[in-house]
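Protein sequences, first through last, are from chains A and B. For what it's worth, the numbering used here labels the leading residue of the first sequence as 722, then goes sequentially. For what it's worth, the numbering used here labels the leading residue of the second sequence as 7, then goes sequentially.
These aren't lab readings, by the way, just hints derived from the structure by calculation. Treat the hints loosely; a few may be bogus.
[What the hints assert, rightly or not] Stretches of chain B that chain A covers, calculated by requiring three or more beta carbons in the stretch to come under 8 Å of a beta carbon on chain A: (1) 91-100; (2) 152-158.
[Claimed, not checked] Partial list, derived from the structure: chain A residues whose beta carbon lies under 7 Å from chain B: (3) Lys-738; (4) Ala-739; (5) Leu-760; (6) Val-782; (7) Leu-783; (8) Arg-800; (9) Val-807; (10) Arg-818.
For each residue, glycine too, the CB sits at the ideal point set by N, CA and C.
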Amino acid sequence: MSWTLLLALGGASYALKAVGPVFAGGRELGPGVRRTLDLVAVPLLAALILVQTLGNGHRLVLDARVAALGVAAVLVWRRAPFLLVVLAAAGTAALLRALG
Amino acid sequence: MARTYNYPRGMPTTVEKTSSRTLSGAAGIGIAVGVYGVSFGVLAVAAGLSPAQACVMSMLVFTGASQFAFIGVLAGGGGALAAIGPAVVLALRNAAYGLSLLPILPGRLRDRAIVAQLVIDESTAMARAQDDPRAAWRAFLATGLSVWLCWNAGTLAGALLGGGLGDPRSLGLDAMFPAAFLALLAPQLRRPGAPVAAVAGAMIAIAVLPFAPAGVPVIAALAGVVPGVLVARGAKAGSAKA
Numbered sequence: 722m723s724w725t726l727l728l729a730l731g732g733a734s735y736a737l738k739a740v741g742p743v744f745a746g747g748r749e750l751g752p753g754v755r756r757t758l759d760l761v762a763v764p765l766l767a768a769l770i771l772v773q774t775l776g777n778g779h780r781l782v783l784d785a786r787v788a789a790l791g792v793a794a795v796l797v798w799r800r801a802p803f804l805l806v807v808l809a810a811a812g813t814a815a816l817l818r819a820l821g
Numbered sequence: 007m008a009r010t011y012n013y014p015r016g017m018p019t020t021v022e023k024t025s026s027r028t029l030s031g032a033a034g035i036g037i038a039v040g041v042y043g044v045s046f047g048v049l050a051v052a053a054g055l056s057p058a059q060a061c062v063m064s065m066l067v068f069t070g071a072s073q074f075a076f077i078g079v080l081a082g083g084g085g086a087l088a089a090i091g092p093a094v095v096l097a098l099r100n101a102a103y104g105l106s107l108l109p110i111l112p113g114r115l116r117d118r119a120i121v122a123q124l125v126i127d128e129s130t131a132m133a134r135a136q137d138d139p140r141a142a143w144r145a146f147l148a149t150g151l152s153v154w155l156c157w158n159a160g161t162l163a164g165a166l167l168g169g170g171l172g173d174p175r176s177l178g179l180d181a182m183f184p185a186a187f188l189a190l191l192a193p194q195l196r197r198p199g200a201p202v203a204a205v206a207g208a209m210i211a212i213a214v215l216p217f218a219p220a221g222v223p224v225i226a227a228l229a230g231v232v233p234g235v236l237v238a239r240g241a242k243a244g245s246a247k248a
C-alpha cells in the first residue's frame, strides 16, 4: 500500500468536506436552496440503510442483517437510546449467524 | 408579573436538557463508531495496510464508508488506484453535507476550515435533528469530536489486535451500520417532504445497485431530493392557502 495514494485520498476527502464550509462560506442561501439542503441527507441515509442491509457486492440478499434492521426499527420507534439500537442490531445478526 | 413576563419562558431548563441529551447522544454515537473502528482496524491490516497506515487513514480520510470501500477493494485483490475511485465517490456526499451545514457553522473561515474535517454522516445527522442553529452547532461539534476520537482509538486498537478479534461478521458488526443510520434518519423524517425523499432515495439506490460500481447507488439516491422538495413546496403552498 502506497503512502502517496493514502495521502491523496485524505486530501480528496478533506477537499470534499470543505467545499461548503470553506469555499462557499458566507454566501446567502435562497429559500429554495435551503429547502433542498434541508433534505439532502435524507435520501442518502435511506440509501445507505438499504444498501448496507441488502447489498452483497452487486446482488441483493436477505440475510441476518434484515432481522437486525427490524429489531433496530422497533427500538428506534420506541425511542430507545442510540447505543442500545446498534448493539441490539449487532446482537441479533450475531445470534442468527451463530444459529444458522 | 412584569418580571415573569420578561423572563424567557423555560429557557434555562430547555437549554440544559438539550445539551445533556446532545452530549449523551454524541457519546453514544462515538462509542458505537469506536466499536466499528476496531473492526476497521482489523480489516485494514488484513487487507495489507500497516497499522500506521490504518491509523493515518482514519485520522485524515475520516469517513467510514469510504474507508471500508477502500480496504474492501484492496482485500478483493484490486489495486490501490482502483480502490480510490469508490472511496472518493462515497465521500462525495460529504460535500452535500458540508453545504447543508453552512447556516450553522462559525463565521470565521479559519474555524470553518478546521471543523470541515468533522463533516460526516453522524455529525450532520445529529445537527439536522436539532431545532435551532445554536443547538445544531453544539450537536455537530460534540458528535464530530466524539466520533473522531472514538473512530481513531478504535482503529488503533483493531490494527494492533490484528486477526485476534475474530470474524467481524460473526459478531454482527456489519449490521450496526444500517441500524445506526436508521436511528439518525428517524428524527429527520418529520420534515415536510422527507418521507418521500427517503423512499425515493432508497428505491433509486436499490434499482442502481445491481450494475453500478460500489458507492454509486448512494450518490444516485441524491436525486430523491427532487420529489421531496416538490412535496415540501406543495405542503408549504397548501398551508399558506389554508
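Status of each hint after checking the structure:
no.	hint	in the structure
1	91-100	holds (count 6)
2	152-158	violated (count 0)
3	Lys-738	4 Å, holds
4	Ala-739	4 Å, holds
5	Leu-760	5 Å, holds
6	Val-782	11 Å, violated
7	Leu-783	13 Å, violated
8	Arg-800	9 Å, violated
9	Val-807	4 Å, holds
10	Arg-818	6 Å, holds
Hint compliance for this structure: hints 2, 6, 7, 8 are not met, and every other hint is.
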